[in-house]
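Student: Residue strings, one per chain:
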Amino acid sequence: MNSLKGAKLIIILYKGTTLENNKSELDKATKDTLFEKEFMPLIGPLYNFAYRLTFDEDDANDLVQETYLKAYRFIESYEKGTNAKAWLFRILKNSFINEYRKNAKLPGKVDYQEVESYYNSDDVDEPITTDLRVDAFKDMIGDEVANALNALDVDFRTIIILCDLEGFTYEEMAKILDIPIGTVRSRLHRARNLMKDKLREYAKNMGYGKKE
Amino acid sequence: MKEAITNLFLKILGKKQGYCCKDCVKNLYSVMDGEATKDQEEYFRSHINECSPCFNRYEIDKSVKEVLKLKVEHKEVPSNLIASIKNKLNQ
Ligand SMILES: [Zn+2]
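Chains as they are written, first to last, in the working numbering: chain A, 1 to 212; chain B, 1001 to 1091.
Bear in mind the hints are in silico, worked out from the structure with no lab data behind them. Hints are not guaranteed to be accurate.
Said to hold, decoys possible - To list a few chain B residues with every Cβ distance to chain A over 10 angstroms, as calculated:
1) T1037
2) D1039
3) K1069
4) K1071
5) E1073
6) H1074
Stated by the list, open to error - Derived lysine-lysine pairs resembling DSS-like cross-links, with alpha carbons at most 27 angstroms apart:
7) K1065/B <-> K80/A
8) K1088/B <-> K37/A
9) K1026/B <-> K198/A
10) K1038/B <-> K198/A
11) K1038/B <-> K80/A
12) K85/A <-> K31/A
13) K1086/B <-> K198/A
14) K28/A <-> K80/A
15) K175/A <-> K1069/B
16) K1022/B <-> K85/A
17) K1038/B <-> K37/A
18) K31/A <-> K1026/B
19) K175/A <-> K1026/B
20) K1069/B <-> K31/A
21) K1065/B <-> K1075/B
22) K31/A <-> K70/A
23) K70/A <-> K85/A
24) K1069/B <-> K1038/B
25) K1071/B <-> K80/A
A virtual CB, placed ideally from N, CA and C, is assigned to each residue, including glycine.
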């Protein structure tokens, strides 16, 4: 028995398992308890995530509702004791991509290839610009930061929400977004630079960017 | 009020201060996001004692992260949402 082969096969089977293929093994009472105890308490973060993706209360409502209905339908594929929050966030993100994103008016797609090759190449040194002062952020009013976040392209906004607002680990974010950890890092890096650019823009628009 | 905003934005616009290496930025985020190993974190902490670009960058990025966490408005879940989900499930 080649155990390595066996393990690989299991991984392939696991990865290839579509949610629909799972046969129901839990009875309704068990499902309901799991749903009530582990999934429903996460409605706050899920609703906020949905709202920050769609900027619309009705859409956020629908998205969260759909997420919970899917979660219940596919509850067999949820492994008890694993991260329910990451699992639900992943469902919500996929629902958003499938049903909302294609209809939404969104800016053009970002060329990640370019961003990532830049970030991963060894011969490019990252210029560290420190033209933002720490004190400014300490007192910064929430509106500016929220606006800067909301102005980001949806993929960049998402990674900031997952990391900085929801505190997911890089590994969890990789699973939620179906991307490698290296891409999590580079996207986060790019998103944070864009955030700071936005904050600088606000300052300039207020008329404080002129050289004395 | 106007003066307060003026001061705020004057603080944001400082000067560009220099460069450090790409690895530092990677480490900086790992440390900030709690993803660094003990060694990486130790190395980075001692590095920023000597490298002011990295020190400033770390302070700034950390502040943005903190402000995001503290100040981005938390929206209340609509009161009927839970009921409507449960309703749909029992259909
Ligand atoms: Zn440095």
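Student: It remains to establish, for every hint, whether it holds in the given structure.
Tutor: Comparing the hints with the structure gives:
1. T1037: Per Cβ check, T1037/B is outside 10 angstroms of chain A; nearest 13 angstroms; holds.
2. D1039: holds (18 angstroms)
3. K1069: violated (6 angstroms)
4. K1071: violated (3 angstroms)
5. E1073: violated (6 angstroms)
6. H1074: Check fails; 6 angstroms does not lie beyond 10 angstroms.
7. K1065/B <-> K80/A: Judged against 27 angstroms, a Cα distance of about 31 angstroms means the pair is violated.
8. K1088/B <-> K37/A: holds (18 angstroms)
9. K1026/B <-> K198/A: holds (22 angstroms)
10. K1038/B <-> K198/A: violated (33 angstroms)
11. K1038/B <-> K80/A: violated (30 angstroms)
12. K85/A <-> K31/A: holds (17 angstroms)
13. K1086/B <-> K198/A: violated (41 angstroms)
14. K28/A <-> K80/A: holds (15 angstroms)
15. K175/A <-> K1069/B: Holds. K175/A to K1069/B sits at ~22 angstroms (cutoff 27 angstroms).
16. K1022/B <-> K85/A: violated (33 angstroms)
17. K1038/B <-> K37/A: Distance of about 35 angstroms is beyond 27 angstroms: violated.
18. K31/A <-> K1026/B: violated (42 angstroms)
19. K175/A <-> K1026/B: holds (20 angstroms)
20. K1069/B <-> K31/A: violated (33 angstroms)
21. K1065/B <-> K1075/B: Measuring from Cα to Cα gives roughly 19 angstroms; hence the hint holds.
22. K31/A <-> K70/A: OK: K31/A and K70/A at ~13 angstroms, within 27 angstroms.
23. K70/A <-> K85/A: Roughly 14 angstroms separates the two Cα atoms, so the pair holds.
24. K1069/B <-> K1038/B: holds (25 angstroms)
25. K1071/B <-> K80/A: This hinted pair is violated, its Cα atoms lying about 33 angstroms apart.
Checked against the numbered hints above, the structure breaks hints 3, 4, 5, 6, 7, 10, 11, 13, 16, 17, 18, 20, 25 and satisfies the rest.
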